[in-house]
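Student: Heads up: the sequence lines are chains G and R, in that order. Read in order, the letters of the first sequence correspond to residues 38 to 467 in our numbering. Read in order, the letters of the second sequence correspond to residues 38 to 467 in our numbering.
Certain hints may be false.
Since the list gives no way to pick one copy over another, a pair counts as held whenever it fits inside one copy or between any two copies.
Straight-line C-alpha distance at most 27 Å; calculated DSS-like pairs for lysine-lysine [claimed, not checked]:
#1 Lys192 <-> Lys92
#2 Lys320 <-> Lys340
#3 Lys250 <-> Lys92
#4 Lys320 <-> Lys250
#5 Lys250 <-> Lys413
#6 Lys413 <-> Lys192
#7 Lys143 <-> Lys413
Treat the hints as calculated values from the structure; they're not laboratory data.
There are 2 protein chains.
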Amino acid sequence: MIRAGILITGTEVLTGIITDRNGPWLSEQMRAVGLQPAQITVVGDRPDDVLNGLKAMREQNLDLIVTSGGLGPTADDLTAEVVGEFQGREMALDVPLEGRIPAILKGLSSRWPNLDMESVLAANRKQAVVPVGSTILEPVGTAPGLIVSPGGEQKGPIVIVLPGPPRELQPMWRTAIKTGAVAELLSHAPTLDREMIRMFGIPESELAASLRKIEDDGVDLSRLEVTTCLRRGEIEIATTFESGDRRVYASFLEAIEQIHGPLIFSRSEATIDDVVSELLEGKTIATAESCTGGLLSGRLADKPGASAYLLGGVVSYANDVKTEALGVDADLLSENGAVSEPVARAMASGVLSKLGSDLGVSVTGIAGPGGGTEEKPVGSVWFAVTDGSDWLVRDLVIPGGRADVRDRSTTVALHLIRRFLLGEHDDPAS
Amino acid sequence: MIRAGILITGTEVLTGIITDRNGPWLSEQMRAVGLQPAQITVVGDRPDDVLNGLKAMREQNLDLIVTSGGLGPTADDLTAEVVGEFQGREMALDVPLEGRIPAILKGLSSRWPNLDMESVLAANRKQAVVPVGSTILEPVGTAPGLIVSPGGEQKGPIVIVLPGPPRELQPMWRTAIKTGAVAELLSHAPTLDREMIRMFGIPESELAASLRKIEDDGVDLSRLEVTTCLRRGEIEIATTFESGDRRVYASFLEAIEQIHGPLIFSRSEATIDDVVSELLEGKTIATAESCTGGLLSGRLADKPGASAYLLGGVVSYANDVKTEALGVDADLLSENGAVSEPVARAMASGVLSKLGSDLGVSVTGIAGPGGGTEEKPVGSVWFAVTDGSDWLVRDLVIPGGRADVRDRSTTVALHLIRRFLLGEHDDPAS
Numbered sequence: 038m039i040r041a042g043i044l045i046t047g048t049e050v051l052t053g054i055i056t057d058r059n060g061p062w063l064s065e066q067m068r069a070v071g072l073q074p075a076q077i078t079v080v081g082d083r084p085d086d087v088l089n090g091l092k093a094m095r096e097q098n099l100d101l102i103v104t105s106g107g108l109g110p111t112a113d114d115l116t117a118e119v120v121g122e123f124q125g126r127e128m129a130l131d132v133p134l135e136g137r138i139p140a141i142l143k144g145l146s147s148r149w150p151n152l153d154m155e156s157v158l159a160a161n162r163k164q165a166v167v168p169v170g171s172t173i174l175e176p177v178g179t180a181p182g183l184i185v186s187p188g189g190e191q192k193g194p195i196v197i198v199l200p201g202p203p204r205e206l207q208p209m210w211r212t213a214i215k216t217g218a219v220a221e222l223l224s225h226a227p228t229l230d231r232e233m234i235r236m237f238g239i240p241e242s243e244l245a246a247s248l249r250k251i252e253d254d255g256v257d258l259s260r261l262e263v264t265t266c267l268r269r270g271e272i273e274i275a276t277t278f279e280s281g282d283r284r285v286y287a288s289f290l291e292a293i294e295q296i297h298g299p300l301i302f303s304r305s306e307a308t309i310d311d312v313v314s315e316l317l318e319g320k321t322i323a324t325a326e327s328c329t330g331g332l333l334s335g336r337l338a339d340k341p342g343a344s345a346y347l348l349g350g351v352v353s354y355a356n357d358v359k360t361e362a363l364g365v366d367a368d369l370l371s372e373n374g375a376v377s378e379p380v381a382r383a384m385a386s387g388v389l390s391k392l393g394s395d396l397g398v399s400v401t402g403i404a405g406p407g408g409g410t411e412e413k414p415v416g417s418v419w420f421a422v423t424d425g426s427d428w429l430v431r432d433l434v435i436p437g438g439r440a441d442v443r444d445r446s447t448t449v450a451l452h453l454i455r456r457f458l459l460g461e462h463d464d465p466a467s
Numbered sequence: 038m039i040r041a042g043i044l045i046t047g048t049e050v051l052t053g054i055i056t057d058r059n060g061p062w063l064s065e066q067m068r069a070v071g072l073q074p075a076q077i078t079v080v081g082d083r084p085d086d087v088l089n090g091l092k093a094m095r096e097q098n099l100d101l102i103v104t105s106g107g108l109g110p111t112a113d114d115l116t117a118e119v120v121g122e123f124q125g126r127e128m129a130l131d132v133p134l135e136g137r138i139p140a141i142l143k144g145l146s147s148r149w150p151n152l153d154m155e156s157v158l159a160a161n162r163k164q165a166v167v168p169v170g171s172t173i174l175e176p177v178g179t180a181p182g183l184i185v186s187p188g189g190e191q192k193g194p195i196v197i198v199l200p201g202p203p204r205e206l207q208p209m210w211r212t213a214i215k216t217g218a219v220a221e222l223l224s225h226a227p228t229l230d231r232e233m234i235r236m237f238g239i240p241e242s243e244l245a246a247s248l249r250k251i252e253d254d255g256v257d258l259s260r261l262e263v264t265t266c267l268r269r270g271e272i273e274i275a276t277t278f279e280s281g282d283r284r285v286y287a288s289f290l291e292a293i294e295q296i297h298g299p300l301i302f303s304r305s306e307a308t309i310d311d312v313v314s315e316l317l318e319g320k321t322i323a324t325a326e327s328c329t330g331g332l333l334s335g336r337l338a339d340k341p342g343a344s345a346y347l348l349g350g351v352v353s354y355a356n357d358v359k360t361e362a363l364g365v366d367a368d369l370l371s372e373n374g375a376v377s378e379p380v381a382r383a384m385a386s387g388v389l390s391k392l393g394s395d396l397g398v399s400v401t402g403i404a405g406p407g408g409g410t411e412e413k414p415v416g417s418v419w420f421a422v423t424d425g426s427d428w429l430v431r432d433l434v435i436p437g438g439r440a441d442v443r444d445r446s447t448t449v450a451l452h453l454i455r456r457f458l459l460g461e462h463d464d465p466a467s
């Protein structure tokens, strides 16, 4: 096993001002190339904390450390220098790199026409001072990355130093794993397989019972690293194993299928968004949203090529918009309230006929914190899917705060669209 | 200074399957009560890794550790046991807690009618086994939290053990800080002030130059911990300082105002979403979205009480929807293309008149990865805001991938709404 650590630097990440996206991304990428991520640590921009973070990882005998952040032009950007110290290497100006910086900054000056280029150049020149003997990873933004091996007689992990912005870090990671000492280290990595099962409509504790039963029934779960997690109302079962244990995984999957088959919607990395997008091939869809306020159509538009199926939608937050833009009968609204089965149906069929789509889907609910009643508490949401003749209509009380209710509603809607497209329709008599 | 560490457990977080929200949240809460967060570490569900994580924090002489996750009913949920070992305390069944679990699970059984309650009860009973002498924090979900001090003669940090789901962790943290040994520790915390400045329309490197200038001009920045960060296209300057240094902060703010005043849109925790929501008081708004697909209206609906100003919107992803639902002239579309100034104007005025709002705002752009041309590359976006007579219309080329372009577009739109509401309108002659 080649074990790796991730050190995220940045007071703004540590103090919760911004949420780190690099740690999870790097961790996933590490597994993909056969590394075992051992820990992700976030520290502030203080040099001592960064150095202590590196040392704690060396003490755990990690083979590789990837740092993110602290390569910018401001004075609190210190990672290169601290990594130099950690690896026992002096700092020096890399003259060729310094020469390439003005060209890199040219793009910037076209985007920000009123820029004082002199001060920007001075600020960015600092980024060309790097530990002697390190391998430079060409900048995607303005900051170069580094591969820094232990200097002199020193032993310890190789350090890959990457900038913080994800759209710079990600391509530079891909370059790093093909470069020099890192490529050499990775050539010794074992091949690990990772498989995913995704389910909807079951609490985690019931799955726990199933896992125990499967183990009791003789599937050797000690050969598999099974992780279950709740995510946006779905359960994901991620399993990592050595390639030789693929047959154990097959028995495990078969056992899960037997117990929970109908609740499984994906046996791969494909999310519900991917599944729905695939099922919509050759069809068009339109949305009518109230409490979600556009998040469902926004989610349907996430994928490149979404214009093949998503015509658009109406966000009918106000009742007048439900009436005017979707043709929902005003009496229907006043008799049943906006959060009701008849209104959910009228919204779905309304948007289908107004936008001329094959499918209409509606969401109307009480996201809170206000607006709940005893009969319709906060979290009450009605959903309807129709193709103009068949229907799938459901209501739920979704737990959590306003953001949870709205986000979870988009997940439920996607699952109902999936079921509808797979042929699950309400009994017309009901 | 009372220094604290955060230990996030969970292989699903470490391997990047889910993104941790608890670390940043806890860190921010710690500062609010006068603790200094020193590091956030994420480890997998292996007991050794959790224990090593705790020990590494003890070696750094932290006074408090908060753990998140690993309290669920499945076999990989081991945090309570590991913390017991770390603090030198035996594990024992807490009988009163065990007795309360069936009542806690009753809510669950009403949400999942087909549940095998026996197996769920068995799985959850494990959660009542806790280190002897720990203080129990009542469960918000099914998992109790714990406050565990060092046992016997042992020295070291107090550990607060919290469950992973944010909607359970957050209220339980609030309880924890008022409870027993934690409340006692916090009574010794100093008061730190934190102030925020938010700017839009400047690269980070130019701000770096300004900070150097401000220091050269005699503001003692060593008294302030200034952190700058780029976030969704905006720059945030977070500053932490001891209450006695408020005058230093005042000089710093004044200096920033002098250089970058017009770019500052917030001098507090208020985000652009908060600012726009406040400025919209007494007015109504409607959105017409293409590439953002509903994300802008979704964002406008984020805040409780959004129905006071957000009437709704039209997601006109397909050109036919632009024509039919927004009244955009078909010839205008074919002559100029959907991503053009005339179409952005027609969408904004179209939604204003169709939905009867005071303000109409439109976004139309090329989110990519396909659809770009030399003249209109991927990332080209047109924005229009109007009240029916005045206009604010802008175009931009937004860097990054599809998700960046779409997300950043909602930020730009909010800033244009703000400027419009503050009276910035295009010259009618232009």
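Student: Hint by hint, which ones does this structure get wrong, listed from lowest number up?
Tutor: The structure breaks hints 3, 4, 5 and 6; every other hint is satisfied.
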